[in-house]
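Got chain A; can you put chain B with the ligand on it based on the hints?
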Amino acid sequence: MTKSILLVGVGGQGIILASKILSEGLLKLGYDVKMSEIHGMAQRGGSVTTQIRFGEKVYSPCVGSGEADVLAAFEKVEAVRWLHQLKEGGTLLVNDYEIYSLPVLIGQEKYPEGIIKELKSRVENVKSFDAGKIAVELGNIKTQNIVILGALIKALRLDTLDWADVMKEYIPPRLLDLNVKALAAGMEI
Amino acid sequence: MKKILTGNEAIARGAYEAGCTIAAAYPGTPSTEILENMAKYQEIYTEWSTNEKVAVELACGASIGGARTLAAMKHVGLNVAADPLFTIAYEGVNGGLVIVTADDPGMHSSQNEQDNRRYAPFAKVAMIEPADSQECKDFMKHAFEVSEIFDTPVLFRLTTRVCHSKGLVELGERTEVGVKDYQKDIKKYVMIPAHSRVRHYQVEERLNRLREYSNNCPLNRIEWGDKKIGIVTSGISYSHAKEVFGDSVSYLKIGFSFPLPDKMIKKFAKAVDKLYVIEENEPYLEDFIRTLGIECLGKEYIPCCEELSPEIIRKAFLPEKDKKVYDSEIKAPSRPPVLCPGCPHRGIYYAVSKYKDVVAVGDIGCYTLGMMPPLSVTDIVICMGAGISASLGFKRASMKGGRDEKIFGFIGDSTFFHSGITGLIDAVYNKTPAVFVILDNSITAMTGHQENPGTGKTLMGEAAPVIDIESIVKAVGIKAEDIRVVDPYNLEMTQAAVKDAHEAQEPFVIITKQPCALIKEVQKKRANIYCSINEEKCTKCKACIKTGCPAIAFKNGQIVIDRSMCNGCTLCAQVCKFDAVEKVGE
Ligand SMILES: Cc1ncc(C[n+]2csc(CCOP(=O)(O)OP(=O)(O)O)c2C)c(N)n1
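Line by line, the protein sequences give chains A and B.
Read in order, the letters of the first sequence correspond to residues 673 to 861 in the working numbering.
Read in order, the letters of the second sequence correspond to residues 56 to 641 in the working numbering.
Honestly, the hints are just simulated from the structure, not real lab data.
Treat the hints loosely; a few may be bogus.
[As the list claims (entries may be wrong)] Straight-line Cα separation of at most 27 Å, DSSO-like style, residue types lysine-lysine; simulated pairs:
id, chain 1, residue 1, chain 2, residue 2
1, B, 57, A, 675
2, A, 692, B, 95
3, B, 196, B, 179
4, B, 179, B, 354
5, B, 461, B, 534
6, B, 579, A, 840
7, B, 601, B, 411
8, B, 386, A, 789
9, A, 814, B, 610
10, A, 782, B, 610
11, A, 805, B, 610
12, A, 692, B, 58
13, A, 789, B, 610
14, B, 638, B, 568
15, A, 782, B, 597
16, B, 95, B, 57
If we strip away everything but chain A, and leave its shape as in the complex, we get:
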């Protein structure tokens, strides 16, 4: 069976790197993999998504409404924005982290309250966590994406692979150790 994963967040959060590492790992596990990322305008503080599909043979890289087995939201408003893509009974991972968009910053729109509670009342399988806090405790907020990746890998039950070996190709040696720790921390959430 082909599985579909959707990663959503805000430009600059490191979603594309996390997606690349995940795809490479899936490849090592022997799956056929398609990953699709949309960049361009979206990079400038806009909403960013990547879609990963894996299985025996995958044709389309696209995930549609009600089709994502796992939705990993790097920012919580983005979880709300993309909620309709989650499959019935699917898993929602949500980073309890706020990034205000410009309309919110200038007071044109409001950042909603009670998002996590609302999500939990709607979706059976929700895991929420503060990946930013975990990353800061480890010493670098920039590893937030890898913490979330860890949680995602765990949710997909793919934690048996040697992910440190996969990350080597994408992360400079001096930061590798920190990121391996971040991944492990994410798996433990």
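Chain B with the ligand in isolation, oriented as in the chain A frame:
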């Protein structure tokens, strides 16, 4: 060996393996990474050309000179390069010539949704369309061969999902084909009417041979399944269709999409009960199939607007009974793209935003975002170059209409080199009293930081002469007293220039000079500089927030500046009347 590659990476690899020796492009999403990846191969000369017309003309010359050559661009880039395309179609090639067009269904980062498959029959050149990364690589090799065997340029048509999706690719070795000898042949390479008339017949004859080939070409294939439904499709639409229907139907998968395989289509249509045409955007396949007198289901089921997906196909042909979809009472606030914290484009837009009689014609680049609130300066955006040229027309209409608007045209450095200079010459020549703001951030930022003629570096990483924008402006005849070069981080200086420009009665130019805040060296240099709010002095008047900087927020009754985002440009400090913003670090 297998590797996971994006379509763009696979195209670069395919061209490399095919023995391509020259490649030129102008950046444009979703095509940009093709040349960035080709530049990694020592065997290939690669360059960022000034614009797409230059890239394709360079490619024409290189092909006639005997080299296997590739030119790449986004869909609208081919409009810019259409002139050479239509005539090299007559001349044909010497070394194989492949022109890559990357369309953007869904307009993820484009100003229109044109379907460039229509260019192939219009220009009468062969067209090839891959569906995934593996095909990107394999078909590219095929394209060079077709080009040389049939003496035709080949249009290689991609879409965003093909360019930016990753899939497994089996890598091969490079075949060294060298550079062919050049033989003078003016009847083929000098398109004066007498020669072109003859060539046109040859082009028609070439089309007949290509059509024959298309019917037997391995890029067009039938996958037989159940014959109740037969699907004709191409490119990414094939992948989506296959995802939806699996092996339960029959497919005619088209990879060689001009000329289309008429006999193959007839045979396929005859063998199936019902014929579906599944394609994104225009009814390109459908129109052709109908001219063969064959009935089919196509655009009445699948809209021609927006990107296609398995979901749309499913809804069109296999409507499901109510599937549960999660929803929420909470409405997510919008998250549009914005000018980054520290963006050098902010200061000039802030200064111009104070004048209510200004009509601003923008252009394409990060600075298009000058239209966004709270700055809300830009009124009009059309295409690259129009930031200057459309200003000229608007000014003329304004004058004829007896209105007294001030016209400001905005254009980025890369866009100025691309197609702004000709407009500026027009302004001087025709004495059009408008203001032109050239936003020089020393990089082509929007598309992900490509070098350009003003940055002092080439795509291949060599040092290059810096083409000085101010010298060009002077050289085309803008008077020295009508030119201001300002640092947009210096608000007073910028405001003074805008005031002079606003009063000017002849063509006037402002050049803003400050590198993009995201350039690595700039980030390093400014890493420890930031602004912070002195809460005792802050009156919460929110003047700083009105600069539209995403690093500044009003949270829990306080103005706060996110230190990790701020680069200390100090625009907010300069608009603060209470000295409540302090710059930290140097
Ligand atoms: C004909 C055409 N080619 C390419 C593009 C893609 N494109 C959009 S913006 C841009 C770069 C703009 O760079 P610059 O003018 O320096 O402005 P910046 O983004 O740096 O502010 C490009 C190449 C396009 N829209 N149209």
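Now for the hints, and whether the structure bears them out:
Among the hinted pairs, residue 57 (chain B) with residue 675 (chain A) is consistent with the structure: their alpha-carbon atoms are about 22 Å apart, no more than 27 Å. Restraint check for residue 692 (chain A) and residue 95 (chain B): the C-alpha separation of about 20 Å stays at or below 27 Å, so the hint holds. In summary, the hint linking residue 196 (chain B) to residue 179 (chain B) is supported, as the alpha carbons are separated by about 21 Å, within the 27 Å threshold. For the suggested pair residue 179 (chain B) and residue 354 (chain B), the alpha carbons sit about 25 Å apart, so the restraint of at most 27 Å is met.
Of the supplied pair hints, the one linking residue 461 (chain B) and residue 534 (chain B) holds, its CA atoms being roughly 19 Å apart against a limit of 27 Å. A hinted pair counts as satisfied when its Cα atoms are at most 27 Å apart, and residue 579 (chain B) with residue 840 (chain A) qualifies at roughly 24 Å. For the hint pairing residue 601 (chain B) with residue 411 (chain B), the CA-to-CA distance comes to about 16 Å; that is within 27 Å, so the pair holds. Taking the CA atoms of residue 386 (chain B) and residue 789 (chain A), the gap is about 14 Å. The hint holds against a cut of 27 Å.
For the suggested pair residue 814 (chain A) and residue 610 (chain B), the alpha carbons sit about 23 Å apart, so the restraint of at most 27 Å is met. A distance of roughly 11 Å separates the Cα atoms of residue 782 (chain A) and residue 610 (chain B); the hinted pair therefore holds under the 27 Å criterion. Between residue 805 (chain A) and residue 610 (chain B) the alpha-carbon distance is near 19 Å, which keeps this suggested pair within the 27 Å criterion. Note on residue 692 (chain A) and residue 58 (chain B): the hinted pairing holds, with a Cα-Cα distance of about 12 Å set against a maximum of 27 Å.
Note on residue 789 (chain A) and residue 610 (chain B): the hinted pairing holds, with a Cα-Cα distance of about 21 Å set against a maximum of 27 Å. A C-alpha spacing of about 21 Å is found between residue 638 (chain B) and residue 568 (chain B), which places the hinted pair at or below 27 Å, so the restraint holds. At most 27 Å may separate the alpha-carbon atoms for a hinted pair to count; residue 782 (chain A) and residue 597 (chain B) meet this at roughly 16 Å. For the suggested pair residue 95 (chain B) and residue 57 (chain B), the alpha carbons sit about 19 Å apart, so the restraint of at most 27 Å is met.
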